[in-house]
Amino acid sequence: MEKLPVKDLQRMAAKGRLLAVDAVHTAASGHPGGSLSCMDMLTALYFNEMNVDPKNPRMEERDRFVLSKGHCAPALYAVLALRGFFPVEELKLLRSIKAHLSGHPDMRHVPGVDMSTGSLGQGLSTAVGMAMAAKLRGSARRCYAVCGDGEMAEGQIWEAAMAAAKWKLDNLCIFVDVNGLQIDGRTADVMPLEPLDKKFEAFNWNVIKTDGHDFSAILAALAQARENKGAPTAILAATVKGKGVSFMENQAGWHGKAPNDEQFAQAKAELEARIKELEGN
Amino acid sequence: MAGKIATRNAYGEALVELAEKYPELVVLDADLSGATMSKFFAAAYPDRFFDCGIAECNMTGIAAGLAADGFKPFANTFAMFAAGRAYEQVRNSVGYPHLNVKIVGSHGGVSVGEDGATHQCIEDFALMREIPGMLVCCPCDGHEMRLAVEALLNYEGPAYLRLERPATEIFTDETEGYEFALGKGAVLRDGSDVSIVAAGIMVGKALEAAKLLETEGVSARVIDMHTIKPLDTGLLLKAARETGCVVTSEEHSVLGGLGGAVCEYLSGACPVPVVRHGVEDDFGRSGTANAVLEYFGLTAEGIAEKARLAIRLKK
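In order, the protein sequence lines correspond to chains G and P.
Residue 153 in this note's numbering sits at position 153 of the first sequence; the count goes up by one each step and never skips.
One gets this note's numbering by counting positions in the second sequence from 1 and adding 281 to each.
Just so you know, the hints here were simulated from the structure itself, not pulled from any lab data.
Under the rule of at most 30 Å between Cα atoms (straight-line distance), these lysine-lysine pairs were calculated in the BS3-like manner:
#1 G:K135 to P:K302
#2 P:K320 to G:K166
#3 P:K320 to G:K135
#4 P:K320 to G:K168
#5 P:K302 to G:K168
To give an idea of the interface, some chain P residues facing chain G are shown, with a C-beta separation under 7 Å as derived from the structure:
#6 C338
#7 N339
#8 I343
#9 A345
#10 G346
#11 D350
#12 Q370
#13 N373
#14 Y377
#15 P378
Yeah, the Cβ is synthetic: ideal placement off N, Cα and C, and Gly gets one too.
Turn these sequences into a full structure, and let the hints steer you where they fit.
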């Protein structure tokens, strides 16, 4: 597949947002807030950055991806479906006993999912293992992960961060979705994590701060990460929780709540308007 | 072969011996390679050995990532930290995705000795066998350990392997008819009055107990149940039917381990008296390994006493 340019990435991300919110609404449960905040980085990865083949999801030389903040499965599933790993219609079966799209990513049943995640703090360690595996095999493939900012409170994240630096995993690049909110409120109140850049720098990582909703900036950060040698990269992406749905934006209350019919109708209208606007460009 | 060796040493030697034959084997440790004996592998194959530092949870996740790529990682630390501290990582990052990771818990049970309760894991069988799809294995001597390591290298899926600290006699190599297969117990001695089903270093003590009982005119069958999950239910059912009562013996809490597994099965299949021998809902103690084992009654005489009770309980 051709790498999508910025304008198309924007359009794809808007579609992904609509699919993710639609799925959460249909399931009547799920995590819309963080799914919307990480949608742009996921779209950039799957439609521009990563070497993957939807027809051959287990292709050995594919780049690997771990959604360490596994509760944002609606975003990952939407992007995988749009990329062609499974039919978009299946998103309607999110969290249903009838289907394979469990509440958190399941590598055994969802095509395109490289690691089962959901318990926060664990995904990054598995991504470190995958990056080590690529080095062991002398492969040029890369490994990506998306972590939450609230997830940074898990001690295991920093165990993994130390290990990734020890083994100089320059084939590992993670996004931290810095939306500033978690279930109980502002990360600054629940467990302050700043200065996050200095923390990762102190752990000997290459650190890039970027706007997590600006595709040009995201692609530039990914390119810089690819060029960096001898250390893993953390892209600290400033985002808006609930991005793209006005009443969800910057509201911790939308972390893990499904919209009702009326709310969904409004969200749908806003996102459809956005898609139309982008298609008109 | 005879002689004494700790199962942890036999394990460490087996890894080195099997490394060429199994190029996908990689070994991880969490700053205990000198105790878990992964140090032999580290010295021989430094490019395939990863010391993750004192960070067992991360080590478990790294092993999962390596397994997702087709490697056969063996992740080593003390049983307490492998099965205890990193329990949820083993459950969610290894067990749930059913990855081919071998979690190796060294220094299982109270025979750790002097380090005391914080380092004496007597819950690992219970914790690990609760995880769906997880194989749980605890070999009884150095010879069996070598066979178990190779069998695990050929077994696709998550598994927990317990190693023990003290040097113990090797006997399975000289036991007539002995064969090793994961999931299949081995009858080391036949008997008709009671079946003693044991794992790990308690198997050797069970054989001693059988000799003690013989002097009293009691015929005891001894089963080496090295694989606690999946349990060899066929062998167990036969033993329960033929001997009418069972004693389980393990260097583990009497709650949830081999004894628990045997009771769970037999209560629904052949409800004969089962007497569990192990640590009675308590923490460990500091002392020499033998002193601690004696303190908890984890001796041949302790097993014989349970066997006498089991026989009395038969109708």
